[in-house]
Amino acid sequence: MEVAPTTEELRSIRLVFEPKHSATFESLNNLELFVPDTFGRKSLRKAIGQLAKECPVDCLDFAIEGILLRTTLGKFCDKYGKSRENVLEVMCFQPEAEPKEVSSRTQSRWLSCLYCLHVSDSTKIVAGDADGFLTCWNWSDSQISTAWERPACKDSKQSTVVGVDWLPSQRKLIVCLQAGYLVFGNLEDSENSSVRLNEPNGTKKNSIESVLFLRTSDDTYDSVLLGTFEGSILKIPKDELELYTYDGRPKKELRNLNTEETLLGHSQRVSSVISLDICFLLSSSWDGTLKIWDLNKCCMISSVNVGRPINSLTTSSNQDYFVAGNMDGSFTLLDSRQEKPALRKKFAHSSATTSVACSSLKNHLFCTVGRDNKMKLWDSRALSTPFYERVGERKQEHSYFTCLSWDNERDLLLAGKNDGGLSCLLFEDGRMVLS
Amino acid sequence: MENVTTQNALQLEETPGDSSSSSDEEINTIGNVPLDWYKDLSHIGYTRDGIKLFRRKREGPHPPVYMKKGTYYIYDGKNDEEIALSRKDLKRLVSIVRLQNPSGATESGFLGEEIVVWTGTPRVEPIVSVNEPKRSFLPSRHEAAQVVKLVRTILRRNNLNQLKEQKSEREDLSVWEKTSSDQVGRSHHYLPPPKIPLPGHEESYRPPPEFLLNEEEKSKQRENYGFVPESYNFLRHVPLYASLIREHFERCLELYRAPRMRVRRTKIDPETLVPKLPSPDSLRPFPDSQMASFGPHTDGIKSISLNSSGQWLACACHDGSVFIWEVATGIFRTRIVFREILKNDLLASLELSSQATASEMEASSQYDEWSILHVAWSPKENDFNLAVCIKYFVVVVNVANILYPGEPQDSQFFGYAVKGEPSPNWKDWKGEMGNLGRIALIEHSRRVEHVHWHQKGDYFVALTKNAFGSSVVVHQLSRRRTQSPFSKSAKGVVTADFHPFKPLFFIATKHYIRIYDLAKGQLVNKLVTGVSEISTMSVHPSGNHLLIGSVEGQLVWFDLDLSSRPYKRIRDHNYRVSSIVFHPKLPLFADSSDDETVAVFHATVYDDLLQNPLIVPLKILKVLRNAKGTTLSSICWHPRLPWLFVSGVDEYVRLYGDTS
Numbered sequence: 001m002e003v004a005p006t007t008e009e010l011r012s013i014r015l016v017f018e019p020k021h022s023a024t025f026e027s028l029n030n031l032e033l034f035v036p037d038t039f040g041r042k043s044l045r046k047a048i049g050q051l052a053k054e055c056p057v058d059c060l061d062f063a064i065e066g067i068l069l070r071t072t073l074g075k076f077c078d079k080y081g082k083s084r085e086n087v088l089e090v091m092c093f094q095p096e097a098e099p100k101e102v103s104s105r106t107q108s109r110w111l112s113c114l115y116c117l118h119v120s121d122s123t124k125i126v127a128g129d130a131d132g133f134l135t136c137w138n139w140s141d142s143q144i145s146t147a148w149e150r151p152a153c154k155d156s157k158q159s160t161v162v163g164v165d166w167l168p169s170q171r172k173l174i175v176c177l178q179a180g181y182l183v184f185g186n187l188e189d190s191e192n193s194s195v196r197l198n199e200p201n202g203t204k205k206n207s208i209e210s211v212l213f214l215r216t217s218d219d220t221y222d223s224v225l226l227g228t229f230e231g232s233i234l235k236i237p238k239d240e241l242e243l244y245t246y247d248g249r250p251k252k253e254l255r256n257l258n259t260e261e262t263l264l265g266h267s268q269r270v271s272s273v274i275s276l277d278i279c280f281l282l283s284s285s286w287d288g289t290l291k292i293w294d295l296n297k298c299c300m301i302s303s304v305n306v307g308r309p310i311n312s313l314t315t316s317s318n319q320d321y322f323v324a325g326n327m328d329g330s331f332t333l334l335d336s337r338q339e340k341p342a343l344r345k346k347f348a349h350s351s352a353t354t355s356v357a358c359s360s361l362k363n364h365l366f367c368t369v370g371r372d373n374k375m376k377l378w379d380s381r382a383l384s385t386p387f388y389e390r391v392g393e394r395k396q397e398h399s400y401f402t403c404l405s406w407d408n409e410r411d412l413l414l415a416g417k418n419d420g421g422l423s424c425l426l427f428e429d430g431r432m433v434l435s
Numbered sequence: 001m002e003n004v005t006t007q008n009a010l011q012l013e014e015t016p017g018d019s020s021s022s023s024d025e026e027i028n029t030i031g032n033v034p035l036d037w038y039k040d041l042s043h044i045g046y047t048r049d050g051i052k053l054f055r056r057k058r059e060g061p062h063p064p065v066y067m068k069k070g071t072y073y074i075y076d077g078k079n080d081e082e083i084a085l086s087r088k089d090l091k092r093l094v095s096i097v098r099l100q101n102p103s104g105a106t107e108s109g110f111l112g113e114e115i116v117v118w119t120g121t122p123r124v125e126p127i128v129s130v131n132e133p134k135r136s137f138l139p140s141r142h143e144a145a146q147v148v149k150l151v152r153t154i155l156r157r158n159n160l161n162q163l164k165e166q167k168s169e170r171e172d173l174s175v176w177e178k179t180s181s182d183q184v185g186r187s188h189h190y191l192p193p194p195k196i197p198l199p200g201h202e203e204s205y206r207p208p209p210e211f212l213l214n215e216e217e218k219s220k221q222r223e224n225y226g227f228v229p230e231s232y233n234f235l236r237h238v239p240l241y242a243s244l245i246r247e248h249f250e251r252c253l254e255l256y257r258a259p260r261m262r263v264r265r266t267k268i269d270p271e272t273l274v275p276k277l278p279s280p281d282s283l284r285p286f287p288d289s290q291m292a293s294f295g296p297h298t299d300g301i302k303s304i305s306l307n308s309s310g311q312w313l314a315c316a317c318h319d320g321s322v323f324i325w326e327v328a329t330g331i332f333r334t335r336i337v338f339r340e341i342l343k344n345d346l347l348a349s350l351e352l353s354s355q356a357t358a359s360e361m362e363a364s365s366q367y368d369e370w371s372i373l374h375v376a377w378s379p380k381e382n383d384f385n386l387a388v389c390i391k392y393f394v395v396v397v398n399v400a401n402i403l404y405p406g407e408p409q410d411s412q413f414f415g416y417a418v419k420g421e422p423s424p425n426w427k428d429w430k431g432e433m434g435n436l437g438r439i440a441l442i443e444h445s446r447r448v449e450h451v452h453w454h455q456k457g458d459y460f461v462a463l464t465k466n467a468f469g470s471s472v473v474v475h476q477l478s479r480r481r482t483q484s485p486f487s488k489s490a491k492g493v494v495t496a497d498f499h500p501f502k503p504l505f506f507i508a509t510k511h512y513i514r515i516y517d518l519a520k521g522q523l524v525n526k527l528v529t530g531v532s533e534i535s536t537m538s539v540h541p542s543g544n545h546l547l548i549g550s551v552e553g554q555l556v557w558f559d560l561d562l563s564s565r566p567y568k569r570i571r572d573h574n575y576r577v578s579s580i581v582f583h584p585k586l587p588l589f590a591d592s593s594d595d596e597t598v599a600v601f602h603a604t605v606y607d608d609l610l611q612n613p614l615i616v617p618l619k620i621l622k623v624l625r626n627a628k629g630t631t632l633s634s635i636c637w638h639p640r641l642p643w644l645f646v647s648g649v650d651e652y653v654r655l656y657g658d659t660s
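Just so you know, the sequences run in chain order A and B. For what it's worth, the UniProt record's numbering labels the leading residue of the first sequence as 1, then goes sequentially. For what it's worth, the UniProt record's numbering labels the leading residue of the second sequence as 1, then goes sequentially.
It is worth saying that the hints were derived from the structure and are not from the lab. The structure displayed is predicted, hence computed values, not measured ones. Ideal placement from N, C-alpha and C gives every residue a C-beta, glycine not left out. Hints are not guaranteed to be accurate.
Distance windows between CB atoms, simulated [stated by the list, open to error]:
1) B:485 - A:190: 54 to 60 Å
2) A:426 - B:382: 56 to 62 Å
3) B:272 - A:393: 46 to 52 Å
4) A:385 - B:510: 55 to 61 Å
5) A:108 - B:485: 33 to 39 Å
6) B:337 - A:393: 29 to 35 Å
Facing chain B, from chain A, some residues (calculated, C-beta under 8 Å) [as the list claims (entries may be wrong)]:
7) 147
8) 149
9) 179
10) 180
11) 352
12) 376
13) 397
Sequences are here, hints too, so could you generate the full structure?
Structure follows, in structure tokens:
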């Protein structure tokens, strides 16, 4: 811990060089100011200006006891009933370093989902596309090389790949298709078996829009949850799944998988399903709501109305906030630390936001991509401008980013495009050191 | 007569004196009775105790006033007393006798001349000889009317204060006060005379010589009745103004000819004429900006359609192919090229048998002939039947196998067990594209313009047209039958549609809309539109309202419960309204026009029959024009969300949504 530089002019400001939380924050070197509330806004600005002279700070934001705060300092105190004796905590932080980008483009299919898996030492990126194909890349030394490309299902069903998951202990790749199939396969060979989720001659056809593989450990599934276009959430129970995950190969080639415990509540397409806990589930829908479900009781706990169709949802690693990407090109930030969820809307893209992803290592980082072919990286504490913005390469006239994935181990941000392009953003740490 | 008056006067004089002074000390208590009664008796009356008062002895009769020992006395007969008269009393008596003021006014200070009303002596010429007329004692007619009026108002219990106020108003009018020109104008319709230009030098009585005219000019001026300046040495030499009478006459004539009525120009605030509508922001959500686009397509888009769940978007292209997109992600799912499918040998034979004349075939170019005019999904839930109008055929395709691969191919015909023989124009044909499944081809004698599905997804109506006429044909999918509900060829049919849930059928011709009951087979209603030509029609999801678009860019709203006349006309486009679509769930509708705009409206329809529908214009969306300059746009609503799909000619379908 370093000693704070004393500034005689600013008597009531205490500068603390102290990492806030755990090890992930250490490299960031937060610069904190503790200012009493009686300190006026003007003098606060002056103080920050003084601070900025000493050490160059690009983006500034204030936080009061963990709540993000922009410019209306006095209004905020009135609104939240902060007494004047309360101490405002002003955080200034250094901007993130720009990530390094590696991109690759092998095929020309519409990438719909991305997954990063780690087999022993090597890292592989698996992408599913709209035509039901899987593409695998090898990631080594910040370089991408194509490994293989094959149809996800044996009889090449032309259906969008909704989700991909990897069971490391059994070395199984599980793929969910939009038309209602779960495909169990291996990474190396194209041998696989598919299970139907829809009834064979049923008139009602469930179009699967989102999937969540709920794992208890590395090799066993607790359940698989599927969000459908009609607005219901289907659950495939554990015992049904075990037949396929343990035995290696099912008895029959095509089998029907029973789904049960439909969580009813959404009236429109369930765009994404996220697990908060082993028994809590968060879902977002086109009807403009986020709903939290209790899986044990199979009931809805709470619902938040965002007011616009949600295309994609993500949560930060410590679940402090959720980010919902909306159909109208905005994203909504929900602060879950409040009693009443505080919503903050921000227009990020000129047309629909297709996907959002949160960093798993850095709690405050998240990324949005939109149909305007732009990728923007945001800091949840300073939402005024994205700290990194990139326009995707235009191979076609009308190409845009479609899906995002943020890998835990390598801190890799993967972004897929509709023309088959894949972008990998690599974040380097430890560059931000205060002089 | 004179005596009587003196006696009366005396009595008048005495009685108050007695009554006031000696009423208590009265001795004789006989009261006010004639004294004659005691004339011959020895007593004159009684005391208070009833004792007789005896008459004193008197000698002979006495005059009323007599003198005894130098003093005048007056005899009181009642009390039998002699009252001595003082000098003052005597003087008063004398004045009474002389018919003068008995109080002696001259003495008491009255100095004016006495007015003698009646001297007592008869005059030769009386002052008024005529008797007073009777009417002078009666109230006058005017007064009687006033009284009657007052009585009536009182009887009517009107407020008397009002009357007083009226009176006071009348009193307030002052005659002599100076009145402003405003008051004059208001009360008398004052017409100001025209302003006369100020006189110049030539109108002076001795103008400078340069203003004077010579003889020629004078004669010319006189001919024109103009002013001829003349010079006089003295002002008194100036004669009478010659045209004074004429000018007076003209002014009078002008006043005479002036209109008697004053026409006031009505002042209207233009803001009051605008109907009060709620602000569009209070009526959210509605589409206002672009959210996504679908494309590019291989050619311009003729028609778009969204399936019942809102997941799949079908776009019919100019080059004879249909694109299917997934709305949620924007994934292009498939492209079905009908042109290539239909160009088989199978169709070649059909082509020959079709009744189209050779000239018609030549008239339309080869390319245009294969363009798809209209595409429509079946509105039934979980039904993936797509009807496509191409050339002389309606092609019905079940695309469930493409969208959800791996499903076993159903052996049945579009999920229906076909009963009976199909109509001869139905051709069941299995496509060569493996997953396309079963295709039904329905042949018509004319080019098929568009197709409208019934809500249950079994019936659909096709409108066919050629240069000679048009006809309406109803197809039934489950029985593979074609019916022609109208025996005569319906001339000039623009569009036709089903009622959402009743067995009613709407047919729009150029000027009228006819509503038929399909169960009874008769005309129910005929709507008079009053537009020059109907271009499109849309039935509200409630079925009680109808909206048509006209060629001159007008929208006409019909309330079918109200009347067969239009409820409202909306002018919002300069060119032809090409299509109108109601939102199936939300109170919204949109119309597209050839002037490259799409207008979005809010339209709340109330169940209450007395409340009129609320129509509010919300937003105008501009549609891009392509290089060719042709505008063919089709619009389509999402079945549940406030999303509008607009297709332009630039090979893209745009999705507009609410971004508030």
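These are the hints, each one checked on the structure:
Between residue 485 (chain B) and residue 190 (chain A) the Cβ separation comes to about 57 Å, which falls inside the hinted range of 54 to 60 Å. Distance hint for residue 426 (chain A) and residue 382 (chain B): a CB-CB separation of about 46 Å, inconsistent with the stated range 56 to 62 Å. In this structure, residue 272 (chain B) and residue 393 (chain A) break the distance hint of 46 to 52 Å, their C-beta atoms being roughly 59 Å apart. Between residue 385 (chain A) and residue 510 (chain B), the C-beta spacing of about 58 Å keeps the proposed range 55 to 61 Å intact.
For the pair residue 108 (chain A) and residue 485 (chain B), the supplied restraint of 33 to 39 Å is violated, since their beta-carbon distance comes to about 50 Å. Look at residue 337 (chain B) against residue 393 (chain A): about 31 Å separates their beta carbons, and that is inside 29 to 35 Å. Contact between residue 147 (chain A) and chain B, as hinted, is not supported at the beta carbon level, the nearest pair being about 24 Å apart and thus beyond 8 Å. Because the beta carbon of residue 149 (chain A) sits about 18 Å from the nearest beta carbon in chain B, more than 8 Å, this interface hint is broken.
Interface restraint check for residue 179 (chain A): the shortest CB-CB distance to chain B comes to about 4 Å, inside 8 Å, so the restraint holds. Restraint check, residue 180 (chain A) versus chain B: the minimum CB separation of about 7 Å is within 8 Å; hint holds. The restraint placing residue 352 (chain A) at the interface with chain B holds, with a minimum CB-CB distance near 5 Å, inside the 8 Å limit. With a cut of 8 Å, the hint placing residue 376 (chain A) at the interface with chain B is violated, because the nearest CB-to-CB distance is about 17 Å.
Taking 8 Å as the C-beta cut-off, the interface hint given for residue 397 (chain A) holds, the closest approach to chain B being about 7 Å.
In the structure shown, a violation is registered for the earlier hints numbered 2, 3, 5, 7, 8 and 12, in ascending order.
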